[in-house]
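Asks: From just these sequences and the hints, can you work out the full model?
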Amino acid sequence: MIRFIIVLFVIVIILYILRSRTKNSQITNNNYNKIIILIVVIGLLILIATSGRYLLPQALQLIKIGLPFITKLIGI
Numbered sequence: 001m002i003r004f005i006i007v008l009f010v011i012v013i014i015l016y017i018l019r020s021r022t023k024n025s026q027i028t029n030n031n032y033n034k035i036i037i038l039i040v041v042i043g044l045l046i047l048i049a050t051s052g053r054y055l056l057p058q059a060l061q062l063i064k065i066g067l068p069f070i071t072k073l074i075g076i
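Count the sequence shown with this note's numbering and you get residues 1 to 76, in order.
Pairwise CB distance ranges, derived in the manner of DEER restraints:
1. Leu73 with Ile14: 41 to 51 Å
2. Lys64 with Asn33: 33 to 43 Å
3. Ile74 with Tyr32: 44 to 54 Å
4. Lys64 with Lys23: 43 to 53 Å
5. Val7 with Tyr32: 13 to 23 Å
6. Leu44 with Leu73: 29 to 39 Å
7. Ile14 with Leu44: 13 to 23 Å
8. Thr71 with Val7: 28 to 38 Å
It is worth saying that the hints were derived from the structure and are not from the lab.
We put the CB at the ideal spot given by N, CA and C, even for glycine.
Replies: Listed below in structure tokens is the structure:
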């Protein structure tokens, strides 16, 4: 979980630096602001949804458990 937060923090810092280096165009600065906010919100949603665990291992575990039941329902 700490690594995920660090990665999100680094991405936000990189986007902030890119935003400051662009010309003072209001349109590009607004786009960077929206992207930064979107990344932070998605990161927080992933942390909340997984209770501190990453989403991919849990999804793979669900597929592994649910696959036999799905095949029985389909009748294969």
